[in-house]
Amino acid sequence: MQKLVLYVLLITASFGFTGCFEILEEVNLAADGSGDLKVTINLSQSKSTLANYLKMGEFQGYAIPTVEEMEHEVGRVRSALRSMDGMSNVEVNSNFTDFIFEVKGRFSNVQVLNEAINKVANTLNRTPFDILELDNFDYTGKSFRRYFNYPLTVIDFDEIPSMYQYMLDTGKMVSIYRFDRPIRVCTNDDARISPNKQSVMMESTIGAMIRGERTIANSVVLHSK
Amino acid sequence: MTFIKRTLPLLFICLSFGLFAQKPVDHIPSDVSLAFSFHPEHLNEKVNLREFQQMGFYQMLIEQMGQMAPPSAREQITNAMADPQSIGLNDMGDAWVFSKFTADATYFAVAISLSNADAFGDFFKQMGGDNLKLEQQNGYSYFQPENDVAIGWNNGTLIIAGSDLKEDYWGYGIEEVPMEEESWEDYEMEEDEEMIEEDEDTLMDDTPEEEEFDYDAYYSEQNRRQMEETASWAKMLLERSFDKSIQSNSKFAKAKSNDSDFNFWMDYAALPFLEEGGGYGGMGMMGSMTSVLTGLYDGMYMNAGMNFDPGQINIDMDIFGNEQMLDWWKDSYKSRYNKKMFKYIDGSELLGYLHVNLDVEGLFEGYKEMFMPVVESFPGMGEMAAAGLDAIGIVIDEEALYELFSGDAVVAFTGMSEFTKTVTTYEYDENFNATEVEKEVKEFFPEFNFMAGYGNEENILKLVRLLEVTGLAQNLGNHYSISIPDVPGAFYLAMHDDILFFTNDTELIGSRLEDGFPKDRRMSKDQCKAMKKSASRFFWDIPNTISMVSSSGMPFGGAPGEFLNIGKQNFESLSVTSSSKIKDSASTTFTLQMADDETNALKQIMDLVNDMVMDMMGGESRS
Chain A
1 MQKLVLYVLL
11 ITASFGFTGC
21 FEILEEVNLA
31 ADGSGDLKVT
41 INLSQSKSTL
51 ANYLKMGEFQ
61 GYAIPTVEEM
71 EHEVGRVRSA
81 LRSMDGMSNV
91 EVNSNFTDFI
101 FEVKGRFSNV
111 QVLNEAINKV
121 ANTLNRTPFD
131 ILELDNFDYT
141 GKSFRRYFNY
151 PLTVIDFDEI
161 PSMYQYMLDT
171 GKMVSIYRFD
181 RPIRVCTNDD
191 ARISPNKQSV
201 MMESTIGAMI
211 RGERTIANSV
221 VLHSK
Chain B
1 MTFIKRTLPL
11 LFICLSFGLF
21 AQKPVDHIPS
31 DVSLAFSFHP
41 EHLNEKVNLR
51 EFQQMGFYQM
61 LIEQMGQMAP
71 PSAREQITNA
81 MADPQSIGLN
91 DMGDAWVFSK
101 FTADATYFAV
111 AISLSNADAF
121 GDFFKQMGGD
131 NLKLEQQNGY
141 SYFQPENDVA
151 IGWNNGTLII
161 AGSDLKEDYW
171 GYGIEEVPME
181 EESWEDYEME
191 EDEEMIEEDE
201 DTLMDDTPEE
211 EEFDYDAYYS
221 EQNRRQMEET
231 ASWAKMLLER
241 SFDKSIQSNS
251 KFAKAKSNDS
261 DFNFWMDYAA
271 LPFLEEGGGY
281 GGMGMMGSMT
291 SVLTGLYDGM
301 YMNAGMNFDP
311 GQINIDMDIF
321 GNEQMLDWWK
331 DSYKSRYNKK
341 MFKYIDGSEL
351 LGYLHVNLDV
361 EGLFEGYKEM
371 FMPVVESFPG
381 MGEMAAAGLD
391 AIGIVIDEEA
401 LYELFSGDAV
411 VAFTGMSEFT
421 KTVTTYEYDE
431 NFNATEVEKE
441 VKEFFPEFNF
451 MAGYGNEENI
461 LKLVRLLEVT
471 GLAQNLGNHY
481 SISIPDVPGA
491 FYLAMHDDIL
501 FFTNDTELIG
511 SRLEDGFPKD
521 RRMSKDQCKA
531 MKKSASRFFW
541 DIPNTISMVS
551 SSGMPFGGAP
561 GEFLNIGKQN
571 FESLSVTSSS
581 KIKDSASTTF
591 TLQMADDETN
601 ALKQIMDLVN
611 DMVMDMMGGE
621 SRS
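Protein chains in written order, with our numbering: chain A, 1 to 225; chain B, 1 to 623.
I should point out that these hints are in silico values taken from the structure, not numbers from a laboratory.
Predicted, not measured: the structure shown is a model, and the values here were computed from it.
Straight-line Cα separation of at most 30 angstroms, DSSO-like style, residue types lysine-lysine; simulated pairs:
hint: 1; chain 1: A; residue 1: 55; chain 2: B; residue 2: 439
hint: 2; chain 1: A; residue 1: 172; chain 2: B; residue 2: 442
hint: 3; chain 1: A; residue 1: 172; chain 2: B; residue 2: 439
Residues of chain A placed beyond 12 angstroms of chain B at every Cβ, according to the derived structure:
hint: 4; residue: 33
hint: 5; residue: 65
hint: 6; residue: 78
hint: 7; residue: 106
hint: 8; residue: 114
hint: 9; residue: 131
hint: 10; residue: 138
hint: 11; residue: 145
hint: 12; residue: 219
By construction, the Cβ of each residue, glycine as well, lies at the ideal position given by its N, Cα and C atoms.
Sequences are here, hints too, so could you generate the full structure?
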């Protein structure tokens, strides 16, 4: 799902919209490794600007896809996920008025989840290059791991134009993982554990991630059931 | 008596020396195309220039530049930069950079005042070493290190001169033979002459081999010419073997009447791309167009003088035109300003404005008179185009067009409008369960007011009616609402007091159209006076703008934020004003007003640069 996020970031960065955006990633994990995933990409704070761009049809020499074209891509993502073994109850929703997009589904195990993310990235890939296929999650039965091995830090943040810096520093990434057992410990110091000890939340701006100040990589060690 | 016999001649010689030591300006010929000058003595009367040499960043700069020199010369160069007087340069003497453009070459030179030619000579010899081939000519020393650069100096002036010859591939090696004019009708075919049909092979065999272009010989010749031209130019400047100096050039003398710290003068007619039928103009269509354009610039020259004054940097620019151009400017600028516009500008949070005050008829009639010949000069199409334009004039009522708008207009930015919009976000309970909520967030959009005076209300109403019928404007009584899809805020159109308004200022439209803003919120009298007396004026309130932008919610942290802060603290305003009074020139004044209106502006800027650099480098501000 991180790849999808990066893809969205690349698109929106090239549009150069002003205002914040929010990416919310939620994973509910059962003891047997199955669970639910929901990713929400919320661009509503820039909805008027985005609506203008859609009407313009072109921005800084780049053709802006129409709503129909983007709905078509949403449909392709939906079909790709639904065709995967181990994925069920897949829903992909798009709202081109408020510019809120949602992908959710049930996975049978964490490896299926990783494959689903790679499949979505490949489906959306329009570059001549292959997508870097990495695992985003891992589950051993005792610990749940969120990886973040994408080379964001090779980007020189200071080289980015200041308007995009502002956008990346106000764009928020929130990860929430929920378990059916209490959490013993997390390795990421920025992670917050809920009072009921069954949820962990991390927030970061994209800018902080590019600068290497923060990461959403985390290992969550769980108590035995 | 012996004493007098011996000392008088010596005194006379010293006096003569003093009388005849030439200043740099005496070495500039009158036919140069442009000249830039720096007058440190004039500036030093206002601010102590030598104080800048004690600044930390200046010392650091000297050290760094010294490091770039070879180790054997490092100390000498560092000392020379720290104290130019020590190597004979007159740091309070005028310095000039000038250039002359011709069809064949560009000549340029720097002329710097010397206080001690011997000291300079010693320094030069030290730098040059044993390989230095210094010539002693008629009262000056001379050295040509390269084909395109020569250096020379006499008792009072150092000249660094150069030239750049145009490439001449096509002319190289070709002897020009005058062609006799011959008409084909004069050609008589001889009786036994007949057309011979040759086959292709024969033709190919008869084709002479092309000679290869000898690039080595060409460049060798170019280098030789370059060397000669540079030497000739440099020696002419040093010996002053030209008819008159630039001070005798009437255009220069007229333009540069006031002393300034820096000065730039340019003769448009002497620029090569405006030379009639010249190489830049080209042949055929382009050549004839260039000829017409050349006529427009004939007799035109400009002068700009820059002064660092207490609290201000001023640049006064004058463009001197030929009769035709002056008449056009006079006709364009003889417009009456609608003073009622002043009451509709909210000066309490003014960020800036741009205003123009032109006579529309004078502007367009003059434009037609000047540029119709350009259109007509197009070979083949020109006459047709001109006739077409004349025919269009039958249908279009030019008088009505001229009366539509009176020529005075202003766009003023008077603050930031705040808008709220609804966005979707998420709230989390204590166990991080997300709930979608709607929130109102503030957005900011610059508040502006565009006003244009109109002459014929009936015709303006026809245009407004057109907007209404197309659905772009909605009639709300004494004004119209204009819809611009997905742009935040509301826009309005109104007509009142012979002024057409287009604005997003809801207060102006809602309650200020009758009487304008209260007097305590209007622009200052100085601002109003400046607008009334000018043909155009641009004004920018720097700290106000920065404050408004900062309060708009956009986080300007880091370097951009610091830069904005510096701007807000040190600068007050920027204005560019073009005078409506035309005598023999059109004048424009640029003024950068500093926040501190007492200290000399150059000192303020140097202090600022010094503080910024030393802050970055972590050094001491002063040595």
